Structure formats: structure tokens, C-alpha cells
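**Q** Each protein sequence line maps, in turn, to chains Z and V.
The working numbering applies: residue 1 is where the first sequence begins, and numbers increase by one.
The working numbering applies: residue 457 is where the second sequence begins, and numbers increase by one.
Keep in mind that the hints were calculated from the coordinates and are not lab data.
These figures come from a predicted structure and were not determined experimentally.
Hints may be right or wrong, so weigh each one.
Below are the DSS-like pairs computed for lysine-lysine, each with C-alpha atoms no more than 27 angstroms apart in a straight line [said to hold, decoys possible]:
hint : chain 1 : residue 1 : chain 2 : residue 2
1    : V       : 610       : V       : 862
2    : Z       : 302       : V       : 781
3    : V       : 803       : Z       : 302
4    : V       : 781       : V       : 862
5    : Z       : 302       : V       : 788
6    : V       : 799       : Z       : 302
7    : V       : 758       : Z       : 325
8    : V       : 758       : V       : 799
9    : Z       : 343       : Z       : 325
10   : Z       : 406       : V       : 758
11   : Z       : 406       : Z       : 325
12   : Z       : 390       : Z       : 258
13   : V       : 788       : V       : 799
14   : Z       : 332       : Z       : 347
15   : V       : 758       : Z       : 343
16   : Z       : 302       : V       : 862
17   : V       : 803       : V       : 781
18   : Z       : 343       : Z       : 302
19   : V       : 758       : Z       : 332
20   : V       : 758       : Z       : 347
21   : Z       : 343       : Z       : 332
22   : Z       : 347       : Z       : 325
23   : Z       : 343       : V       : 714
24   : V       : 543       : V       : 465
25   : Z       : 258       : V       : 799
There are 2 protein chains.
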Amino acid sequence: MKDPVSVLKDYIRFPSVSADTAFHDGMTGAREFVSDLLAGAGFSVETVETPLHPIILATRGGDPSWPHVVIYGHYDVQPPDPLDLWKSPPFEPEVRDGRLYGRGAADNKGPLLVHLSAVLRLLEEQPELPLRITFLVEGEEEIGSPSFQPFLEKYRDRLRADFVFLSDTGSPREDQIVITTGLRGILTFEIEITGPRGDLHSGIHGGAILNPIQAMADLCASLHDPDGRVNVLGFYDDVLDVEPWEREQLAMLGGDEKAYAEFLGVSGFHTPPGFSPFEAVRFQPTLEFNGIGGGYQGEGSKTIIPARAFAKISCRLVPNQTPEKIADLVMKTIRERTPAGVKLDIKPGHGGSPYLVVPPRRPNTPAGQNPVLARAFDAAEAAITRSFGKPPLYLREGGSVPIIAKLQSVLGLDSLMIGLFLPEDNLHAPNESFHLGVMERGIEVSKTVLEGIAAR
Amino acid sequence: MKDPVSVLKDYIRFPSVSADTAFHDGMTGAREFVSDLLAGAGFSVETVETPLHPIILATRGGDPSWPHVVIYGHYDVQPPDPLDLWKSPPFEPEVRDGRLYGRGAADNKGPLLVHLSAVLRLLEEQPELPLRITFLVEGEEEIGSPSFQPFLEKYRDRLRADFVFLSDTGSPREDQIVITTGLRGILTFEIEITGPRGDLHSGIHGGAILNPIQAMADLCASLHDPDGRVNVLGFYDDVLDVEPWEREQLAMLGGDEKAYAEFLGVSGFHTPPGFSPFEAVRFQPTLEFNGIGGGYQGEGSKTIIPARAFAKISCRLVPNQTPEKIADLVMKTIRERTPAGVKLDIKPGHGGSPYLVVPPRRPNTPAGQNPVLARAFDAAEAAITRSFGKPPLYLREGGSVPIIAKLQSVLGLDSLMIGLFLPEDNLHAPNESFHLGVMERGIEVSKTVLEGIAAR
Chain Z
1 MKDPVSVLKD
11 YIRFPSVSAD
21 TAFHDGMTGA
31 REFVSDLLAG
41 AGFSVETVET
51 PLHPIILATR
61 GGDPSWPHVV
71 IYGHYDVQPP
81 DPLDLWKSPP
91 FEPEVRDGRL
101 YGRGAADNKG
111 PLLVHLSAVL
121 RLLEEQPELP
131 LRITFLVEGE
141 EEIGSPSFQP
151 FLEKYRDRLR
161 ADFVFLSDTG
171 SPREDQIVIT
181 TGLRGILTFE
191 IEITGPRGDL
201 HSGIHGGAIL
211 NPIQAMADLC
221 ASLHDPDGRV
231 NVLGFYDDVL
241 DVEPWEREQL
251 AMLGGDEKAY
261 AEFLGVSGFH
271 TPPGFSPFEA
281 VRFQPTLEFN
291 GIGGGYQGEG
301 SKTIIPARAF
311 AKISCRLVPN
321 QTPEKIADLV
331 MKTIRERTPA
341 GVKLDIKPGH
351 GGSPYLVVPP
361 RRPNTPAGQN
371 PVLARAFDAA
381 EAAITRSFGK
391 PPLYLREGGS
401 VPIIAKLQSV
411 LGLDSLMIGL
421 FLPEDNLHAP
431 NESFHLGVME
441 RGIEVSKTVL
451 EGIAAR
Chain V
457 MKDPVSVLKD
467 YIRFPSVSAD
477 TAFHDGMTGA
487 REFVSDLLAG
497 AGFSVETVET
507 PLHPIILATR
517 GGDPSWPHVV
527 IYGHYDVQPP
537 DPLDLWKSPP
547 FEPEVRDGRL
557 YGRGAADNKG
567 PLLVHLSAVL
577 RLLEEQPELP
587 LRITFLVEGE
597 EEIGSPSFQP
607 FLEKYRDRLR
617 ADFVFLSDTG
627 SPREDQIVIT
637 TGLRGILTFE
647 IEITGPRGDL
657 HSGIHGGAIL
667 NPIQAMADLC
677 ASLHDPDGRV
687 NVLGFYDDVL
697 DVEPWEREQL
707 AMLGGDEKAY
717 AEFLGVSGFH
727 TPPGFSPFEA
737 VRFQPTLEFN
747 GIGGGYQGEG
757 SKTIIPARAF
767 AKISCRLVPN
777 QTPEKIADLV
787 MKTIRERTPA
797 GVKLDIKPGH
807 GGSPYLVVPP
817 RRPNTPAGQN
827 PVLARAFDAA
837 EAAITRSFGK
847 PPLYLREGGS
857 VPIIAKLQSV
867 LGLDSLMIGL
877 FLPEDNLHAP
887 NESFHLGVME
897 RGIEVSKTVL
907 EGIAAR
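Chain Z extracted, bound-state conformation (with noise of 0.2 angstroms):
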């Protein structure tokens, strides 16, 4: 097999921006691309066509009995824009001090070649593995996945899996490698507040009514109690208690909060009681207002009282809760706080389970865990240790990836995610870059997982 490095380097090439139909060519590229080296190693590859960007399923069959693991990336990537602010040009690969710099490279090129080329080396030395192996490689990822539960649920059949194994997830440091055992769901939704039939003259009718932007401060402010926590009935109901085990591997984490007041530019934090800003990310769920509008925009002053208001929100779910009960919950809670004198308008946006998967051995494992995933952990635990010298942590990300949520819901799957960006790869940014050392040690470490699942 050709050297990995060389390989992303053709890869990262192609331009394939999903968002933008100028690149279709390069979408295309990228895709035969991945197929032919998957076909190369002998595996029968489909291309599964869907309204936007084709998925490639690739499979390595065999004995019912072998286990089975899916292997999941993305052959697309955000757009290069800014231009002017990369060093080398985006989709000219280029090595800088143990970098690949280019598109993609760590999202998610260079990591899904990590598992092509841990499978690669592992076929070539034992042909006969008794492991089935299904690449699953979408091009929709960087625009929200549209076309991948319906995937999903057409091939389910097909994806009969023992668990998912994939990076696309971060590590803090190159000597500490993390692996996400879970992911925070998402909720997102927008209310208008309407009062009078048009903007007003604050002169002549100023101190008759209700300002919209005033109900909209007053039902915004109502969200949250001062401490902190979102002031929604029942809204902490479902969330899990965090095990004292996670606390725990958060803490060998490390963080250090004054640098990281400093990296965001604030002067303190804000969160739950009993949480450290590090905690909270990850374990607590949040209601953040995305945006706020009304009234006058513009430069200097123009006094009106103004017709509307708006207002737009996410939440970040923890497990268990369901974005549908919180939205539930929260709008039932929007529409009694509306004031009289206004009218509420609630426009719902989309909805994303949060994920939880509990590694082997812990007070919290889920009975009847699927051995095949625990000796995915165990092997991934051992080869971690052995190729980054230091055991991985196990820790949440506050972040949301509704695919993997998807493909629990769907296809009951868990996920082994093992986070092979660093803080450094400057991920949807100019000069993106994937650390090529991490890159080798993944091999390595993937390699180690799939023997490790293999028949016995």
C-alpha cells in the first residue's frame, strides 16, 4: 500500500465543498476516489445515489457469525473561504513541521484514511480476517446530513451492525487521546412577538401599550433563574446524573479556567451550581439565545415603539432528555409567559436526540452491552496507551453530531469515537491541518481495534 501520507495528500486534492454546487466536480473526485482505493482492498463498493450528495457503502462480507463494524466518515468538506488567510493554497496539500495543511485534512479526509489505511494494512497481512467491515461515507456531513436517516432506514437491513467505529471528534493534546462516550442533543426554534398592527411614534403613543421588545426582554429574562439553570418546568426531569467516574476523567483532563476565560475573552463564567465550566458543557443542558431583533437598527435613534421582535434559541440536550418533550416543555412554558397585549408566534426548527455510550466495566455499563463494542474499547484502551503513551479519557463533548444519535435510534448502533483532531487543526478554518504523527498512531491504534473485534 502506498504510503498514507502521499495518499491524503491525492485525496485532499479534490475539492469537494458539499455546500457549494461550483464543486461538484470535486464532490465527484473525492468520491471515486475514496471508492477505488475501498475497491482496491477488495471491497464491493455502491454508490448510493440520494436528492443532494451520494453516499458510498462499501462492504467486506463473510461469515454471518464474524462480527460486523461499520466504519463511518465524510468525504466532504467546508468551504475554503476565506482564501486569502491560508498560507498554501486549501487544495494544494502541502507538509509543514509534521502538518498536512489543506481542506479537509482533519475534517475528515485524513481521519477516515487513518481507517482505510488501518483496514489496508490489516487485510494485507491477514487476508482471511474473520471481521466484516461496512465503509459508510457520506457527502452531506459540513450541510447537516440531510439525506442520511432516510439512508439509514432504506438499508437497514444492510447495517445490521455490532457498533460504529469512527473520528471525527477532537483530543486536547497530542499525548492524550480522548474517546467521546457521549454528545449533547440539540433543539433549535425561533418566536416572534407581535403588538401593535405597526411600528408606533414613541411620542404620541409611548406609555399606552405593551413594547413587544419589552414582553420579548421580559419572556427571555424569565428563562433562566438567577443561579444559572434554565427556569422551564420539568426541564431537568430526564437528565441523567453525572457518574462520579466522569467527573473523574474530566478532572485528569485537567483545564485551566483562567486560560480559558482568557481564550473566550470573559471576565468570569456562568453556570449551574455544582458545575465548573468544564462540567457544564458537557454534562449540564443549556437554553441559548441565538439571536435577538426589533425595532430600529440602524445608526443613532429613531423613536418608535416598534410593531415586533424576535428571537431565536437552541437548546443543548444531555441524555435522556428528548428534543421533543423539551420542546414540549419549553414552548408550553413560552406561551403561558406571553403577556396580554402581544401575540406569540413559534416557529419550530430541528431537533436532535442527545447520545450516551458507557465504556465496559463501569457502575453504569448497560447490562448486556454488546461484547463485540466492549472489546472495541478494551482494544482501543490497550493500543491508545501503547502508541500515545497515555491511557485515553473518556470524557462528553458539549457539542452535537445528530448522526450518531441517528444511528443509535435507527440503527440501534453504538459508536467508538476516538478524537484524532487537535485543538491546533484548525477545523473549518483557514489553514487546516491534520498532525501527522497523530495520523500514523491512529493507524496503529485502528489497526489494533479491528484485530482486536475479529472472530476468535
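Since the structure of chain Z is already known, use the hints to place chain V on it.
**A** Using the frame of chain Z, we list chain V on its own:
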């Protein structure tokens, strides 16, 4: 003298839009038109240059012992847009159904000509009338009168007078003239709350810090009590009690709350306790949100914690509040209530004092009220009763006309304001018009007032 209606038509033909330099010739034409009328009546006319549009200062001198009235008006008009909504072109005056249509017909060309015509008629009848008259006609009223205060200060000695006589306010119906006795003051400012260095990912960082929109909502919500009063310590300290006679006058005006709510398009009112909506807009100060913004403003959702949020706020002030003291109180309160973890910036705007004049023989008429002003009020009441068939009502207005308070604060002059606009006049809107019956009766009233205040 020519028929006032045809004079007004000629005057309207000059498109004197002060806000747009394209109308420079119209401004010059209107100014010269008024100057010529005044010169023709024997006034000594001066064009006082300002940084923008000159002020017409025209005097009819006389014995220093004679009473001296300043008649105020403005020769500039609002822009005529949107042009396609006019039934006849805005600067081609046309009489339809007893109204003269054209931009500026009511604001303020018609009412100024009411007083000018009254002066012409009166001086024709009584060339030796023992009354000093100064016309003060500015060209920047529609753009906030930026040159007015410096002008007053510079010409203070020339403007020593007994009172100011003007018509630049409204009356509710053709048969019910209002003498405006009060105007609210104004105070504008903008606040900005800044949290993190830039917009943050609400998944990765959500839960750690105070969202600037939330801080803004909390702050804005804190500025009112649930009962509708402004929740700023000391805000109401200087508010004069409303005199029973003022409430009685307003009660005589009547006013249908249901019709008012329908007109505004609201399902209910929100006023401070003890005040009807009609009272609240005249007698109570406000703190109003004119605009709010922050975070994502586009379609759909963007899950950020925004770096900042702003609110544009204005207060309407009533006697004896001052913009200086209220600014201090409100800004101190806002500073004190800004939570830890975010930064506050306050951008001051502009301020204008409230104004109040009390007609003679009221319980709260100031001792030593200027006797010429008192005679003018009496003459106006008698003349309005005779010409319009009903005594005038003495009412405060909710709007702010800062020049009236400036005439009082700089020159010590009170104003007799006879409302000649009607609600149907469409001020600042397409199809502005002036009621020709009101015009003719207004001339009679003005003439009687001027006659009534001349030396005896």
C-alpha cells in the same frame, strides 16, 4: 391682500425638502417667497445664515413699550416619498372637497400662512397697531433644528418678547380646537453588552458563560415593574402631579379606548396604575425600547453564543423631569444592574426638556405670569369659541418639540400653541392636506389674538 388659499398654493409649489440637498432651489424659493410676503407687509426681513438652511428673521418694530410677540414657523417640509401614493403631485397643489392637497400644506406652510395672513389683514386694517411682531421662520424643523439653539443664543437680545405664538400641533376634530399646553421631553441612548471575544459555538461552549443576549434581556426586563412603571429609583421624583383641571379637559376630549386599541392593532393597553391610555401618553414619562439586536439575524438557525447585543432606548419626559438628571439615574441603574461576566457600553444620544405652560386663572398658574401671554390665552379662547363654535381644550401632547422648551430655556418665552392640524391631514405621509375651513377660521382667531394683545 391676495386670497390666502392661492398664496398657500404658490408657497407649496416650492419643494422645500430640508433633508435632501437636491431640493436646494425649492428651499431658496420657499424662503424668498416668505421673505417677500413679510417685506411686502412692511417687515424688516433678514436672512440669517446657518451651517445649513438660513433662518428668516423679520421684524415689525415700534415703541419699546408695546407688547412683542414672536411668531414661529418653518418653511421646510418632509420628503414627499413614496410618490406613487399621491393622488395629485405633492408640489402641484390641488383643492379637493374643501382641502388643499400638497406636501407641507399642513406642516407647516398652511399654519404659518394662517398667522401671516392674520398679520397682513390686521395691519391693513390698523397700520398703526401698537404691537411689535417678529417672525422667526426656520428651515431645519424637519431635520431636528440643529441650528436653532445657537441662533437663539446669538439673537437673544433681538428676541426679547412676551411670548411665542405658533401653530405646529394638532386638534382632534374640525370643531374641537386644542391649545397645546405641554410637550414631553426626550432622552435617547444606546447600550451594548459584550461577552466573549467573538461569536462562540453554542455546543462547545454553551453552559460556561453568560450569553450577552440573556444579560441584555435581564437588564431590559429589570427596567420596568410588572405594573408598567419604570423601575429606576428616583425616576418619578420630579414628575408634577397632574392637575384635576387637566384630567377634566382630557375627559372632555373624550376618547374611545376600544377604537384606540383597534387603531393601534393591540388587544389591550399597558399603562401605569391610575392612568388611562389617553392620560398615560400625555402625563406620564416612559422608558421605551426602540430597537434591540444581537447574534444571528438571518433565516433559520445558527447555533452561536453571540459576542454582543445592543438596545436602543428612549425616555419621554414630563415636567419637571430633566434629561440630564434622568440620564444620570437611568445610566447609573443600568451600570449597577449589569451582571458580572459581561461588559457594558453606553452611547449617549440626544436630549430635550419637557415643556409646560399653564393658561391663566388655573390653580397652578404661576404667579406673575406674563400678562400679555395671559391676554393672548383669553383672546384665543374667545376667538376659537366664536369661530369654531366650541371653546378650545387645553391639553398636553405626548410628542416632543424640543424647540418649544428651548425657546423657554434660552429666551424665557412661553408659547401659545393653537392646534390647526387634523388627524386627516396626513402629516409626513402621502396626500398631506390642509382643511381650508380651518385655515380661514384660524386666520380669524390669529387676528383676534394679535389684536387682543396689542397695547391698549
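**Q** With reference to the structure, classify each hint as holding or not holding.
**A** Hints, verified against the model:
1. V/610 to V/862: 13 angstroms, holds
2. Z/302 to V/781: Holds, at roughly 22 angstroms.
3. V/803 to Z/302: Cα-Cα ~14 angstroms, so holds.
4. V/781 to V/862: Holds. Residue 781 of chain V to residue 862 of chain V sits at ~17 angstroms (cutoff 27 angstroms).
5. Z/302 to V/788: 23 angstroms, holds
6. V/799 to Z/302: 25 angstroms, holds
7. V/758 to Z/325: 22 angstroms, holds
8. V/758 to V/799: Measuring from Cα to Cα gives roughly 23 angstroms; hence the hint holds.
9. Z/343 to Z/325: Between residue 343 of chain Z and residue 325 of chain Z the Cα gap is close to 24 angstroms, so the pair holds against 27 angstroms.
10. Z/406 to V/758: 21 angstroms, holds
11. Z/406 to Z/325: 17 angstroms, holds
12. Z/390 to Z/258: Cα-Cα ~26 angstroms, so holds.
13. V/788 to V/799: Cα-Cα ~14 angstroms, so holds.
14. Z/332 to Z/347: Holds. Residue 332 of chain Z to residue 347 of chain Z sits at ~13 angstroms (cutoff 27 angstroms).
15. V/758 to Z/343: At roughly 25 angstroms apart (the allowed maximum being 27 angstroms), residue 343 of chain Z and residue 758 of chain V satisfy the hint.
16. Z/302 to V/862: 21 angstroms, holds
17. V/803 to V/781: 16 angstroms, holds
18. Z/343 to Z/302: Holds. Residue 343 of chain Z to residue 302 of chain Z sits at ~23 angstroms (cutoff 27 angstroms).
19. V/758 to Z/332: Satisfied, since the Cα-Cα distance of roughly 23 angstroms is no more than 27 angstroms.
20. V/758 to Z/347: With Cα atoms ~14 angstroms apart, residue 758 of chain V and residue 347 of chain Z stay inside 27 angstroms; holds.
21. Z/343 to Z/332: Distance ~14 angstroms between residue 343 of chain Z and residue 332 of chain Z Cα, so the pair holds.
22. Z/347 to Z/325: Roughly 16 angstroms between the alpha carbons, so the hint for residue 347 of chain Z and residue 325 of chain Z holds.
23. Z/343 to V/714: Within the cut-off at roughly 18 angstroms; holds.
24. V/543 to V/465: Judged against 27 angstroms, a Cα distance of about 16 angstroms means the pair holds.
25. Z/258 to V/799: 18 angstroms, holds
The structure agrees with every numbered hint stated previously.
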